[in-house]
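> The residues making up each chain are set out below.
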Amino acid sequence: MAATLHRAAIAMRTGVPFVLGLLLAVLSFVPYGSPEFSVIMPSLTLPLVYYWTLYRPESMPLAAAFAIGLWQDILVGGPLGLMALMLVVTRGVIESQRQVLLTQPFAVGWMGYALISAALTVLAWAIAGLWWDHAFSVWPFIAHWGLGTAAYVPLAVGFRQIDKLLYQQA
Amino acid sequence: MRRSGGRAARTANPERGLAQRLPFAIFIAVSLGLLIFSKIYPTLNDQVQGALIDVAAPVVDVLGEPVTAIRGFGTVVADTLNGAKKVETLRAENERLRRWRDVAMRLDGENAQLRALMRVSDEMQIPSISTRVVSDPGGPFVRAILLDAGVSRGVGKFQPVMDKAGVVGRIVTVGRQSSRALLLTDLNSRIPVFIRRTGDRGILVGDNSDRPKLAYLPMQSSARIDDEVFTSGDGGIFPAKLPVGVVDYVDGPTVRVRLAADLSRLDFVNVMAYVPLEKPEQSAVAQPLETLPQGSSVTAETGADRPPAAFAAPADPVLPSPSLVPAPRPAVPADPPAFPAVPAPPEGTPAQPAAAAGPIEEENPDETPPPSQGGT
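So the sequences go chain by chain: A and B. Under my numbering, the first residue of the first sequence is numbered 1, with each subsequent residue one higher. Under my numbering, the first residue of the second sequence is numbered 1, with each subsequent residue one higher.
None of these hints come from the bench; they were simulated from the model. For every residue, glycine included, the Cβ atom is placed at its ideal position computed from N, Cα and C. Treat the hints with care, since some could be wrong.
[Claimed, not checked] Quick list of the computed label-pair ranges, beta carbon to beta carbon: (1) A/A107 <-> B/Y216: 51 to 59 angstroms; (2) B/Q47 <-> A/A151: 31 to 39 angstroms; (3) B/A165 <-> A/A9: 50 to 58 angstroms; (4) A/A126 <-> B/P66: 33 to 41 angstroms; (5) B/T75 <-> A/V157: 24 to 32 angstroms.
So here's chain A without its partners, still in its complex pose (with noise of 0.2 angstroms):
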C-alpha cells in the first residue's frame, strides 16, 4: 500500500507539471477579446520549464519540455518544432546552470529569468524571420518578452505552492 501511494506520489510529481505545461499552453490561445493583447500574449510555458527546471528538475524531463513545446506549436498553427526549440533549450541550458541560481534570492533567479527569456525571444524572433522569410516587427516581440517576465513572479508562487503540495506528500 505505501510503495502504491509512493509510487503515484512520483507519478504526480512529474506528470503534475507536464499536464500545468499543457494546460498553461492552452491558455494562452483562449479569446480573450484583445486582439493586440492576443499579439503580445506572453508564453506561459516558458516559466513553467523554467520555474521546474531550476527547483525540480526531475518533474521536468527533456521529454516533457519538448512535447509541451510541440503541442504550443499545434496550437500557433506556425512550424512545427519553434516552440519545443525554446523549452529544450531552456531545460538544457537552466539545468546547466541550476546550481549557481539556486544559492541565489528569488530576485536574482527572476532576473536569470529575464536574461534567458530575452535570449530566447530574440533566437524565435531570427528563427521565424528565416521560416517565413520576413523581418518581423521587433516592438510585439519587445512587449511579449516584458509581459512574460513581469508574469513570471505571480506564475512562479503559484508553482511554489503547487511543489510544496506534491512534495509534502513523500
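Once you have looked at the hints, place chain B on chain A.
Using the frame of chain A, we list chain B on its own:
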C-alpha cells in the same frame, strides 16, 4: 592528435557528461529537424497540423468557456451601464437603416432589370455555415484562429471566412471537426481587392499589423481615406464584392486598410462554401455545407464552379444579407427604359468597377440617403 590539458580538467568524467548531453542534443536535433521539415514540406506540415487540430481545438474550447463567460458578463454589465445611450444610438441607426432599406429595394429592382438587359450572369447565393471561434492567435508569429467546424461540415481549404461586417480571412488547415483560418492581418495573407470609388485593383497584403497594406495599386491611384475596399474576385480565389474595409491611411504609395470585420469580437464567423478556381484541393470542399437555421448566406458574383443547386440558398426577397455588397455600377438614370444599349459583356465576367465610367455616384452609407422613390 593532442588533447589540451585544460579540456581534460574541465570534464572530470567525459562519459557521464556525454550521457547527460546526448538526450539534449537529440531533442535539439529533432526540433530543428521538425522546423526544416515544415519549411521544406509545407503541404505535409498542413496535413499533420490538420490531423492535430482536431485534438487541440476541443481542449481550447473547453478551457476557453470560463473566459468567454467572464467576457460575456463584462459585456452585459457595460451594456447595462450604457443602456440609455445605446438605445438612443440604436434608434438613430434603425431610422437610418430603414431609409437605406427603401433605397436598397429600389436599387435591387433596377439592378435586376439592368442585369436582364445586359444578360449578365445571375448573382449566385453562396451558402455558408456559422461556426464558433475557439481560439485567439496567441502570440506574435501567426494571426490565425481555430474554428469549431471541419471537413465533416463541409469546410475546405481556401474557403473565405467572414463575420457580419466583412471578410475575416480564409481557411488554411482543415481537420475532421475543426479548422484554422488565417486572418487578413497575417503576413502570409494576400487577397485581390478593389477600391469601389475608383475601381483601382490591388492586393491586400497582411503584415501582422492590425491594418493590412493595399499593395500593387496603379501608379496613378487616387485612393483616399474612407474609400471602401472589396474583394475583386481576380484569380478566382475569393468571390468578388465581399466587403473588406475602408482605406484608413494614405501616404504616397503606402495605403492601409481598416478592416470591416471586428477582430476583437470574433465569437462566431461564417465559412462560405466557395470553391476556388485555381486550387487543386477542390475535392476537399466538394461536400455540402451544413445549412444552419439562421440561413446565413452571402451573395457574390463569381465565375467559380457553383455548389450543387440543392445547397444554394434562395435569395432574400426583401433585404440582402448583411454581407451583400452593392455592386460597383455605372451611374444610371432613374428610369430603366431610358438605359442606353450597351454591348453585353462575356458570360461570367465579373462586373467591372466603375472606374471606366467615372466615379460612382452611389450614396455613401454613412450619409443620409436621398428620399426613396420606390420604397414603401
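> If a hint holds in the structure, say so; if it does not, say that too.
We went through each hint and held it up to the structure:
no. : hint                                  : verdict
1   : A/A107 <-> B/Y216: 51 to 59 angstroms : holds (53 angstroms)
2   : B/Q47 <-> A/A151: 31 to 39 angstroms  : holds (34 angstroms)
3   : B/A165 <-> A/A9: 50 to 58 angstroms   : holds (54 angstroms)
4   : A/A126 <-> B/P66: 33 to 41 angstroms  : holds (36 angstroms)
5   : B/T75 <-> A/V157: 24 to 32 angstroms  : holds (31 angstroms)
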